[in-house]
Structure formats: structure tokens, C-alpha cells
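Quick mapping for you: the protein sequence lines, in order, are chains E and P. So for the first sequence, our numbering puts the first residue at 17; every next one is plus one. So for the second sequence, our numbering puts the first residue at 17; every next one is plus one.
Each hint should be verified, as a subset may be incorrect.
It does not matter which identical chain is used: a pair holds within one copy or between any two.
[Said to hold, decoys possible] Here are the simulated SDA-like pairs of lysine to any residue, each with C-alpha atoms no more than 20 Å apart in a straight line: (1) K142 <-> M57; (2) K58 <-> I81; (3) K183 <-> L139; (4) K183 <-> G137; (5) K66 <-> E171; (6) K66 <-> E150; (7) K152 <-> G29; (8) K142 <-> E181; (9) K66 <-> A154; (10) K58 <-> I182.
Think of the hints as simulated: they come from the structure by calculation, not from any bench. Since this is a predicted model, take the numbers as computed values, not measurements.
There are 2 protein chains.
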Amino acid sequence: MKRDTEQNGETRGLVIVNTGDGKGKTTAALGLMMRAWGREMKVGMVQFIKNEKRRTGELEAAERIGIEWHGSGDGWTWKKTDLQSAEDRALQGWEVARERIACSGYDVLILDEFTYPLHFGWLDVKEVINWLRENKPAALHLVITGRYAPSELIEYADLVTEMREIKHPLSAQGIGAQAGIEY
Amino acid sequence: MKRDTEQNGETRGLVIVNTGDGKGKTTAALGLMMRAWGREMKVGMVQFIKNEKRRTGELEAAERIGIEWHGSGDGWTWKKTDLQSAEDRALQGWEVARERIACSGYDVLILDEFTYPLHFGWLDVKEVINWLRENKPAALHLVITGRYAPSELIEYADLVTEMREIKHPLSAQGIGAQAGIEY
Chain E
17 MKRDTEQNGE TRGLVIVNTG DGKGKTTAAL GLMMRAWGRE MKVGMVQFIK NEKRRTGELE
77 AAERIGIEWH GSGDGWTWKK TDLQSAEDRA LQGWEVARER IACSGYDVLI LDEFTYPLHF
137 GWLDVKEVIN WLRENKPAAL HLVITGRYAP SELIEYADLV TEMREIKHPL SAQGIGAQAG
197 IEY
Chain P
17 MKRDTEQNGE TRGLVIVNTG DGKGKTTAAL GLMMRAWGRE MKVGMVQFIK NEKRRTGELE
77 AAERIGIEWH GSGDGWTWKK TDLQSAEDRA LQGWEVARER IACSGYDVLI LDEFTYPLHF
137 GWLDVKEVIN WLRENKPAAL HLVITGRYAP SELIEYADLV TEMREIKHPL SAQGIGAQAG
197 IEY
């Protein structure tokens, strides 16, 4: 079951980017994680921004089925005073990610909201991509999510999807984020 | 944990549509399913087009964690000769879906690729939406995926996202669909 391809090509680890201002970037990465887990592939998550301490539905699910999950620490609130610590967490997350990419034998690894440290310049996008070119195992599928994907990342990626908001209940009808749906 | 909301609103079952020509429509629905399952919500899937007999990664995962899954029968190949049976399957799928929506106590139900029977006129979109307005439990989150979402469906929905293809390896580099990633 594992590691076959539909057409007669070899298995090739894709770099997948889910970007845009709409919903579904992280959610689609979670779906891919579920799909790959169903194939008994080794899957993992490194979150760069979201709060590890917050008990999201996806974290509950991952723990219940034994998926390795690295959170980003204590969250990120977009307040100016948090910028330094957000940067520190991003750098620490990138250290974790590099180890997991290069040494941990994953089939699929999600770098959730990894576009933000690149977009804000906390990590140099060229250095990151050069490191990936040299160190990412050929068969590893890497999924990167977040708004503002830098053009260099889009160029490097194999599959890029923009999630575009057509209609959103928060803006349209004032409905708050709901557990199990948005987190 | 279950059924709280982040803001002080009540829980309100959303109608969510993932449409567009890009990847991630079904995948984001799977992610939402995983997230809701992590919250111990009752989640289910009705597939209108995809092949039940094909052992996808998502089907394997759903069986492993006990998510109810209704497949559409024997697949759909877009060949002209299959149109009648595809239509039959869609009608049968809609019967299953109606029972699950109205009577089965789901918190989250996915109608995967349900836009196609609407788009092709196998089901009347106005009748479907009228039926949903009268019969969908207020707290049920309904997720509908597929290209060509009819304008009436978009109008009825609370949250609509377009997945837009920016770059795709099948077209760009001739890489075939890979197990665990695309199915």
C-alpha cells in the first residue's frame, strides 16, 4: 500500500505550499497528514506560530493517533511587544524542523505557518531554500502553509495552491470561530 | 472541550464550500474531519463521485479511527458511457446524505464532490437547497466540496473558499499522483 504511485513514475517528495488569505491552508495540510497516516507513512508537524498550549482539535486528534507534533511555544498575538519572542520561537522552530527534515526519516512533514518567518525576514528565504535543496531527502514530502508565500518559495515548490476567500462568516455574519471547525 | 466557541456566540452549524480548480478541496474537508474528530464530535463522509472500492489513504485512516464513510460505488471516469450510472450513484448518494443530515445526529458531515451532481443538473440545486433549509439541523456543520459550485449554493453557504492552482507538478513536471499525498 505504501509508496506506490498511480502512474509509473518513481515516488518523488513534493514541496507543497498552501497560501492565500482564505481558509483551508492548515486544514488541507491536516487532511494530507490524515491521508498519509492512513497509508502508514511517517508524518509529523512543526508549527511555527500557533500556540502549542492551546488544545486544538487537530492536536487532540494527532495525540490520539500518535502523530508527532512540535508546537511553537506560547503563541503569537501579532502585538508589537511579542515580535522578539515570536522571532525567537521561529528560529527555534527552524532548528527543530531542520533536524526532522534531515535526520528523522519522515515521509511527510508539515511546516505550519512557516511562510511568516520568511515573510518577516526572521529567516532568510534564500538560505532556507539553499539548505532545503542540499538537505531535504528526495522522497520527503514537505508541506508549507501560511499567507504571503515569498516568490522564491513558490519558485522552489512543486505544488502551490492559493486559498482564496469568497465568503467568510466571521466577516459576513459575525459568527465566532468554533471548536472543531476552525481550531 | 466539545462545542465551545471562541467568541461568545452560540454554536452555529456552518455550510462550508471548498471549490475552485486547485488542490485541497477534499483534503481540507478531511483536515476539518480530523480536527472535529479530535474534539470528539460525530463526523461522517458521503462521497458522490470518488470510488469506494479504491483504497485511498483517507479511507484507510477513517476506518482505523472509526469514522463513518459512504462511498459512491464504482467510481466515475468522466466517460460519456458512464454518465447514466454516475447520475444514478449521485441520486443514491443524495438519499444517503438526506438520511444522515436529518436523522443521524452528526456534528460534521462532508458531502464530497457534491457540486458535480448539482452542476450537471442530476439534482436540482434549488430543490436541494430548499430541502437543506427545511431539514438541516441548526448545529450541523455541512462541508461541500468540488469544482463549479453553483451560485445558488454559494449564496446559501456561510463560508466559501476557492482553491486556486498556482503551480501543479502534474502539469509542470509530469509527476504522477502519489499515494498518501493525492489519494
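Hints and how they fare:
1. K142 <-> M57: Neither: 30 Å inside a chain and 43 Å across chains, both beyond 20 Å.
2. K58 <-> I81: Both. Shortest intra-copy (12 Å) and inter-copy (17 Å) distances satisfy the 20 Å Cα cut-off.
3. K183 <-> L139: neither (33 Å within a copy, 24 Å between copies)
4. K183 <-> G137: neither (31 Å within a copy, 24 Å between copies)
5. K66 <-> E171: For K66 and E171, the Cα distance exceeds 20 Å both inside one copy (26 Å) and across copies (32 Å).
6. K66 <-> E150: For K66 and E150, neither the intra-copy (28 Å) nor the inter-copy (38 Å) Cα distance is at most 20 Å.
7. K152 <-> G29: Close inside one copy (9 Å), not across copies (41 Å); limit 20 Å.
8. K142 <-> E181: neither (29 Å within a copy, 24 Å between copies)
9. K66 <-> A154: neither (28 Å within a copy, 30 Å between copies)
10. K58 <-> I182: neither (34 Å within a copy, 27 Å between copies)
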